[in-house]
Amino acid sequence: MIVKGTKELAASREVVWSVINEPEEMAKLMPGVESFEIQDEKHWTAKVKVPLGLGGLKMTINFERLEEREPEFASMRAKGTGVGALMDMTTSFTLAESDSGTSMDWEADVKIAGPVGAMGQRVLQPIVNQQVGQVLTALEQRVTEAGGDAGD
Amino acid sequence: MTTVTEQPTTTLKKGYVGQSIARREDKRLVQGQGTFFDDVRRHGMGYVHFVRSPYAHARIVSIDVSKALELDGVYGTITGDEVAISTDPFFEMSVEPGGNIKDYALAVGRARHMGEPVAAVCAATRELARDAADLVEIEYEPLPALVEGEQALKNEVVLHDEAGSNVVWSGVFSWGDVDQALAEADHVVKIDRLHFHRFASTPLECAGALVEYDKGMGEWTIHCNHQMPGIGAIWMAPALRVGIDKLRFVTQDIGGGFGNKICLHPQYVVLCLLARKLGRPVQWTEWRTDQHTANAHGNERTFLDIEVAVKADGEMTGFKVRAIDDCGAFPRYEPLGCIIWAQVTPGMYGWRNIHVDFTQVCTNKSPVSPNRGYSRMQHLWLTERIVDIVAAELGLDPVEVRKRNYVKAEQMPYETPNGCVYDSGDYAAALDMALELIDYGSIEERRKEAAERGKLLGLGVGSTLDSGTNNFGQSTLLNPDLQFSGNNEAASVKLDIFGEVVVTLGTVPQGQGHETTAAQVVADILGCPPEQVNVRRGHDTWFNAHAGFSGTYASQFAFTGLGAVKGAAELLRDEMVKLAAFVLQAPEESIELSDGMARIKDGPEEAALPFMALGAIVNANNAFLPPDFNPTLNHRYVCRPYFGMVDKEKKTGQLTLTYATQIHAAVVEIDPETGEVEIIDYAAVDDCGVRINPQIVEGQVHGATAHAIGAALSEDFVYDEDGTLLTANFYDYHVPHALDMPPLKTGAMESPSPVAPLGAKGMGEGGGGGIHCICAAIQNALRPAGKPIVYDSCNPPHRVWSMLQDPEATRANVEVASR
Chain A
0 MIVKGTKELA
10 ASREVVWSVI
20 NEPEEMAKLM
30 PGVESFEIQD
40 EKHWTAKVKV
50 PLGLGGLKMT
60 INFERLEERE
70 PEFASMRAKG
80 TGVGALMDMT
90 TSFTLAESDS
100 GTSMDWEADV
110 KIAGPVGAMG
120 QRVLQPIVNQ
130 QVGQVLTALE
140 QRVTEAGGDA
150 GD
Chain B
0 MTTVTEQPTT
10 TLKKGYVGQS
20 IARREDKRLV
30 QGQGTFFDDV
40 RRHGMGYVHF
50 VRSPYAHARI
60 VSIDVSKALE
70 LDGVYGTITG
80 DEVAISTDPF
90 FEMSVEPGGN
100 IKDYALAVGR
110 ARHMGEPVAA
120 VCAATRELAR
130 DAADLVEIEY
140 EPLPALVEGE
150 QALKNEVVLH
160 DEAGSNVVWS
170 GVFSWGDVDQ
180 ALAEADHVVK
190 IDRLHFHRFA
200 STPLECAGAL
210 VEYDKGMGEW
220 TIHCNHQMPG
230 IGAIWMAPAL
240 RVGIDKLRFV
250 TQDIGGGFGN
260 KICLHPQYVV
270 LCLLARKLGR
280 PVQWTEWRTD
290 QHTANAHGNE
300 RTFLDIEVAV
310 KADGEMTGFK
320 VRAIDDCGAF
330 PRYEPLGCII
340 WAQVTPGMYG
350 WRNIHVDFTQ
360 VCTNKSPVSP
370 NRGYSRMQHL
380 WLTERIVDIV
390 AAELGLDPVE
400 VRKRNYVKAE
410 QMPYETPNGC
420 VYDSGDYAAA
430 LDMALELIDY
440 GSIEERRKEA
450 AERGKLLGLG
460 VGSTLDSGTN
470 NFGQSTLLNP
480 DLQFSGNNEA
490 ASVKLDIFGE
500 VVVTLGTVPQ
510 GQGHETTAAQ
520 VVADILGCPP
530 EQVNVRRGHD
540 TWFNAHAGFS
550 GTYASQFAFT
560 GLGAVKGAAE
570 LLRDEMVKLA
580 AFVLQAPEES
590 IELSDGMARI
600 KDGPEEAALP
610 FMALGAIVNA
620 NNAFLPPDFN
630 PTLNHRYVCR
640 PYFGMVDKEK
650 KTGQLTLTYA
660 TQIHAAVVEI
670 DPETGEVEII
680 DYAAVDDCGV
690 RINPQIVEGQ
700 VHGATAHAIG
710 AALSEDFVYD
720 EDGTLLTANF
730 YDYHVPHALD
740 MPPLKTGAME
750 SPSPVAPLGA
760 KGMGEGGGGG
770 IHCICAAIQN
780 ALRPAGKPIV
790 YDSCNPPHRV
800 WSMLQDPEAT
810 RANVEVASR
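As you go down the protein sequences, you meet chains A and B in turn.
Everything in the first sequence is counted per numbering that gives the first Met the number 0, starting at 0 for the first residue and increasing by one.
Everything in the second sequence is counted per numbering that gives the first Met the number 0, starting at 0 for the first residue and increasing by one.
No wet-lab data here; the hints were simulated from the structure.
Quick caveat, the model's predicted, so the values are computed rather than measured.
Just to be clear, a hint being listed does not mean it is correct.
What the hints assert, rightly or not - Calculated cross-link-like contacts (lysine-lysine; reagent style PhoX-like; alpha-carbon spacing at most 25 Å):
no.: 1; chain 1: B; residue 1: 276; chain 2: B; residue 2: 214
no.: 2; chain 1: B; residue 1: 744; chain 2: B; residue 2: 454
no.: 3; chain 1: B; residue 1: 310; chain 2: B; residue 2: 189
no.: 4; chain 1: A; residue 1: 27; chain 2: A; residue 2: 57
no.: 5; chain 1: B; residue 1: 454; chain 2: A; residue 2: 78
no.: 6; chain 1: A; residue 1: 57; chain 2: A; residue 2: 41
no.: 7; chain 1: A; residue 1: 46; chain 2: B; residue 2: 66
no.: 8; chain 1: B; residue 1: 101; chain 2: B; residue 2: 245
no.: 9; chain 1: A; residue 1: 57; chain 2: A; residue 2: 110
no.: 10; chain 1: A; residue 1: 57; chain 2: B; residue 2: 66
no.: 11; chain 1: A; residue 1: 6; chain 2: A; residue 2: 57
no.: 12; chain 1: B; residue 1: 310; chain 2: A; residue 2: 48
Extracted from the complex, chain A is given alone in its bound form:
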């Protein structure tokens, strides 16, 4: 499943880059993160709870930074395991300066295997959309704050 879009953010490219390229900062933006651990500058792990049916799906997700060209492009891979599900995601974003601040093109190729994947896009697509929406909203808020902080 490939999801992608463009988000206009009211902050400079450097500010946006500093937020989304900092694992701990990003962890705060992700919904359902229960714990977060950094192994090194390219690898980190998060335990997350995805809202899926009663109780939610708990996954351990290992992130790996694949490529970065500051301040315009970065990509990473995330592999997650949980009961009845394996997730393999490759995601990237490209930042460009725009009239409003920064324009972020983002794309994620999400593969879900296992019985959860068998639920099909009928169920997974709305959940992925919801999760992405929450991340982007939180990101917008955070970069605005960060931009304000930088302005102070």
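Since the structure of chain A is already known, use the hints to place chain B on it.
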């Protein structure tokens, strides 16, 4: 005493046979007193949960079971590596390349379909085993998945490196001269592509077993619901490196099995290994999601490049087709599906020139197994689609085309181009009966009335043959080196000390009412009420009479199962007569058995012996019997049907013996806004020869029809491009329930089989007729909406809606060349 003969056909004078006696099994079943394998408990038993691959295709990099083993209450685990060391791959029936495939009980090194068992955990409770299974850490390296049969032929992704190809088996069958038929035809109808979809059966009871290992004897007892343990043992014993006698299969009640309880040997081997490794009984009950995902599906088949030769008057003289059969990740029961269809090569029609280029391939989907109507259903659907498409494209009446081309009653017994013999039947009369049931004469009026309500109404007919009593010699048409041929089934009948008649069956009933019908046959032969006949429940390979092909499958109980019962009962009857004649000092010809007594015909009332007396004399009071007279009152009989040898060069021979007829007719209404199909009238006519118990026959017709309706409208195993099954639950894979069933009208005919011991033909697999007639009815209803062609066997609303939106896309599949 054991006797093996071919029986002459005799139709019993109808006494209890032919009556709708209430099924004796039902009392215990409706009272919740049935005993299923899951009811069997043993001290210290452990529960098994399989760890299954979430990927359709992946290399198994590592498996770490340590965290699972640390959990309190976990007894042990097993992985593919252990299986590879302690067992051999299962026997493969195909020639190369399929014959080179190595199929183990657990995935070894690579997972090849979603849900494939990769490891197993055994624990003190079922729930604990499931939790512990989640702690097994498996690292996978996903590989490209192969989900299309046609794509498999390219071998860009190869599932089994040792085979070097995805092809399991391929071959060409050619009878008559189809090229000449096409050259002489007035019309040649070409159909580029038809697709028979992937679905399965849904037994109430999922698969499973409780397995005990006797360390002292090196033997396993498998309490299970395997429907064909004889074949199961043939697969399992060599894999476990033991003799067949080391495996004892015990079944009691079984909650349905439509073929998908035949290929359970991989799971059972894992259970055997765990029971031996852990030194305790182990039990596994399949979860329903696992049953959907990875038990076994029916064969998916794509028909390509079809060409049909048609004369100006609508006579069809031949057809050619290229068939690609998708058997999933492993050819577990295959490649038998590559020949089983040939039992019904021309369908119900007089085609004499047929050319079939058949290829079977592996894909990253669940393995298949026989599924009600196995392999013939796909082929019969092809013949029925051909008839309806030819009729539609040439502007002919599909009913008239059928009648013109059906094999005629006066041609029976009819030899097909490939040497099969249709034993009896009157197809045209059965069609008339079905049409009458749905009031065929009023269709146009009803169509008009529906149109006024904005609905599209259509009528469809499905003709199908339920071929029964397999000749396993047909397997040698696929692999000449196989040492299988013929068929057999056993039964024993004895008279016990208190006069009880006791029957054991070689068959393994799963709800077909064998206890009832066997009692009816025995009661008629011995002259006693059915209540006096005790038919043992289930099957035990150590104690029941059984033979190499024992089991319940392929529509053959009425022939081989009851044939064996009849043979054994007749041996017992003859001995009872002889014993009574000796005791009563009367000629044997004067002895009659009736009402549970042996008496002298027209003799004094007191010149009679109750069965109890006969049983007691032989078993407990036999000192007065002379030394040269040693009755046992205990007889085993093996019914061995006669087939003769198949011709491996010409690929001809008697592949099966009886052909029950089913004609289904459906009237549907389609909502053009949504594509929703509603069945508003439905008739099923069944002719299975002599009906031993008409109500049981009726029940089978109802069940097969429900099965067909589900397959035709909603049951579809859909995979995405990664090989993930998208319909692994009842929400997405809708099995018809009572409210989905249309008003069902049934009709029965009896064309006794001249070859079957009781004139009765196997039946119960005729549901294919329902798929055919619904496809035909949808196509007929859609005629005013651009004449789309129904090209898939499953037509849920979205597919019907697509046909309504773009009928030309389907019509591009069809071309007519006329002289």
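Checked hints:
Pair hint residue 276/B plus residue 214/B holds up; C-alpha atoms about 10 Å apart against a cutoff of 25 Å. Distance hint between residue 744/B and residue 454/B is fulfilled; the C-alpha atoms sit about 23 Å from each other, no more than 25 Å. Between residue 310/B and residue 189/B the CA atoms are separated by roughly 14 Å; this keeps the pair inside 25 Å, and the hint holds. Between the alpha carbons of residue 27/A and residue 57/A the distance comes to roughly 17 Å, so the proposed pair stays at or under 25 Å and holds.
Annotation: proposed proximity of residue 454/B to residue 78/A is violated, straight-line Cα distance about 50 Å (limit 25 Å). About 23 Å separates the Cα atoms of residue 57/A and residue 41/A, which keeps this hinted pair within 25 Å; it holds. Between residue 46/A and residue 66/B the CA atoms are separated by roughly 18 Å; this keeps the pair inside 25 Å, and the hint holds. Under the criterion of a C-alpha separation no larger than 25 Å, the hint pairing residue 101/B with residue 245/B is consistent with the structure, at around 24 Å.
Among the hinted pairs, residue 57/A with residue 110/A is consistent with the structure: their alpha-carbon atoms are about 16 Å apart, no more than 25 Å. Among the hinted pairs, residue 57/A with residue 66/B is consistent with the structure: their alpha-carbon atoms are about 18 Å apart, no more than 25 Å. Proximity of residue 6/A to residue 57/A is assessed by CA-CA distance (about 28 Å); at most 25 Å being required, the pair is judged violated. The hinted pair formed by residue 310/B and residue 48/A fails the criterion: a straight-line CA distance of about 67 Å is larger than 25 Å.
Of the numbered hints given earlier, the model fails hints 5, 11 and 12; all others are met.
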